[in-house]
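Those protein sequence lines, which keep their order, are chains A and B.
Positions in the first sequence are counted from 1; adding 36 to them yields my numbering.
Positions in the second sequence are counted from 1; adding 36 to them yields my numbering.
Everything labelled a hint here was simulated from the structure, so no lab data went into it.
Check the hints yourself; a few may be wrong.
Which copy is meant is left open, so a pair is good if it fits within one copy or across any two.
[To be verified] When the alpha-carbon atoms are kept at most 25 Å apart in a straight line, the in silico SDA-like pairs for lysine to any residue are as follows: (1) K178 to R109; (2) K178 to L106; (3) K171 to R236; (4) K186 to L247; (5) K178 to E139; (6) K178 to V129; (7) K171 to M237.
Each chain is listed here by its residues.
Protein chains: 2
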Amino acid sequence: MQHQHPHPENHLTSSAMLQDIVIGLSDGLTVPFALAAGLSGAVQSSGLVITAGLAEVVAGSIAMGLGGYLAGRTEVEHYAAELQREYQEIAEVPHVERAEVDELLQEMGLSAATRAQAVRELTADPDQWVRFMMKYELGLEKPDPRQAPKSAFTISTAYAVGGLIPLSAYFLTATPTEGLVLSAVMTLVCLLIFGYLKSRMTGQPPVWGALKMAGTGALAAGAAFLVARQFERQ
Amino acid sequence: MQHQHPHPENHLTSSAMLQDIVIGLSDGLTVPFALAAGLSGAVQSSGLVITAGLAEVVAGSIAMGLGGYLAGRTEVEHYAAELQREYQEIAEVPHVERAEVDELLQEMGLSAATRAQAVRELTADPDQWVRFMMKYELGLEKPDPRQAPKSAFTISTAYAVGGLIPLSAYFLTATPTEGLVLSAVMTLVCLLIFGYLKSRMTGQPPVWGALKMAGTGALAAGAAFLVARQFERQ
Numbered sequence: 037m038q039h040q041h042p043h044p045e046n047h048l049t050s051s052a053m054l055q056d057i058v059i060g061l062s063d064g065l066t067v068p069f070a071l072a073a074g075l076s077g078a079v080q081s082s083g084l085v086i087t088a089g090l091a092e093v094v095a096g097s098i099a100m101g102l103g104g105y106l107a108g109r110t111e112v113e114h115y116a117a118e119l120q121r122e123y124q125e126i127a128e129v130p131h132v133e134r135a136e137v138d139e140l141l142q143e144m145g146l147s148a149a150t151r152a153q154a155v156r157e158l159t160a161d162p163d164q165w166v167r168f169m170m171k172y173e174l175g176l177e178k179p180d181p182r183q184a185p186k187s188a189f190t191i192s193t194a195y196a197v198g199g200l201i202p203l204s205a206y207f208l209t210a211t212p213t214e215g216l217v218l219s220a221v222m223t224l225v226c227l228l229i230f231g232y233l234k235s236r237m238t239g240q241p242p243v244w245g246a247l248k249m250a251g252t253g254a255l256a257a258g259a260a261f262l263v264a265r266q267f268e269r270q
Numbered sequence: 037m038q039h040q041h042p043h044p045e046n047h048l049t050s051s052a053m054l055q056d057i058v059i060g061l062s063d064g065l066t067v068p069f070a071l072a073a074g075l076s077g078a079v080q081s082s083g084l085v086i087t088a089g090l091a092e093v094v095a096g097s098i099a100m101g102l103g104g105y106l107a108g109r110t111e112v113e114h115y116a117a118e119l120q121r122e123y124q125e126i127a128e129v130p131h132v133e134r135a136e137v138d139e140l141l142q143e144m145g146l147s148a149a150t151r152a153q154a155v156r157e158l159t160a161d162p163d164q165w166v167r168f169m170m171k172y173e174l175g176l177e178k179p180d181p182r183q184a185p186k187s188a189f190t191i192s193t194a195y196a197v198g199g200l201i202p203l204s205a206y207f208l209t210a211t212p213t214e215g216l217v218l219s220a221v222m223t224l225v226c227l228l229i230f231g232y233l234k235s236r237m238t239g240q241p242p243v244w245g246a247l248k249m250a251g252t253g254a255l256a257a258g259a260a261f262l263v264a265r266q267f268e269r270q
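If we strip away everything but chain A, and leave its shape as in the complex, we get:
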């Protein structure tokens, strides 16, 4: 699901891919697990739990993958549009843009004399000027157009892989209740391991990261279970 992830400027392709795997896998493990757990308290057939779970995995995987792809495309288009606008602005209203450069340098903490010299240098070349405005005024880095499809594929595959883990328990057992027990054990172990590795990777306390991830999954599954059973009883 859509959390807020700061995008560090300097990540390599491999770490972008790792980040996408983390995104897909953590949601894939959590939501299909919770849905299956919820249904296990409300229906008598494991087949039904699996059918609903597979429908969710397919739906979620397409929504995340295609959604991510389209968001990436939008980012590329947005960058191109802003780039064109900046070139137009430095041509049409150079004094306004020069004042903006000066303002940004003032925020950094430069003196008036240094700023005057710095503004002259930064605005000497149009390409450099525009690059400065894009990065420091708008906070935009040039997006890689090949990143969007790659990212979409990685996220949706990771989501599907994550989602099939909790569902596989219902294949291996006879009743939804047995399925739920095995699914919960398998998924919580995966969430603990995965939360641990994810936190180590990002430099956070790993045990706490493991507990947070497993706790989120357990809470979502518990709530889905209660709601589904409540509704089915009525």
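Fit chain B to the given chain A structure using the hints.
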């Protein structure tokens, strides 16, 4: 689901909230709709579609809300840890940090003479120096600690509201097939309107935005329908 959203530096609280509503609503409309559509082709009871749909809404809403909250908390902790490290570094290895400031200014396009003066000014005050490193070396803005819980609440509420729209159709009709028809009409209209407004808000072509959002929902629902029916037939 988790797309990539650039976070513009200068957004106000209201636009951060609007962004959270967009995130929650677009996923809430898509995934529960697709799940319900998928089950409609596989089961005979509308009650079952609603039970599974509600379980998904609860699971997704908690996963997104709690996940977003914890991600926000992590961001706050990460910022605090990096801030402390930068203060330590400018105290312990000031020459290294001074060279980093110089390098950043070189990337901007400043001459050696201007950089020498600028580095002196930027590193004169430790607070200003650290703020410069945080923002321009690490690309980190000070996160608002109250933002994470607010954001989590908004996203999960929007997800739940979005998810109840497609499910409400099954309350209003007698069979899953009738429910699916009404649900698809209602949801696709909502996705079109919502995609249009979202794209207008972010300055993208609105008609294309409307079609993209409705297309994603339709594709996810269609795929879930085919998979669920295929599986139920076996």
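Comparing the hints with the structure gives:
In this homomeric assembly, K178 and R109 come within 25 Å of each other (Cα to Cα) only inside a single copy, at 12 Å, whereas the closest approach across copies is 28 Å. Taking CA atoms no more than 25 Å apart as the test, K178 paired with L106 passes inside one copy only; the shortest distance there is 17 Å, against 29 Å between copies. In this assembly of identical chains, the alpha carbons of K171 and R236 lie at most 25 Å apart only when taken from different copies (24 Å versus 30 Å within one copy). For a Cα distance limit of 25 Å, the shortest separation of K186 from L247 across copies, 22 Å, qualifies, whereas the shortest one inside one copy, 30 Å, does not.
Taking the shortest alpha-carbon separations for K178 and E139, both the intra-copy value of 23 Å and the inter-copy value of 20 Å come in at or below 25 Å. Taking identical chains as interchangeable, the C-alpha atoms of K178 and V129 lie at most 25 Å apart only when both belong to the same chain, with a minimum of 24 Å there against 32 Å between chains. Proximity of K171 and M237 under a CA criterion of 25 Å is satisfied inter-copy only: 22 Å between copies versus 27 Å inside one chain copy.
Going through the hint list in order, the structure satisfies each hint without exception.
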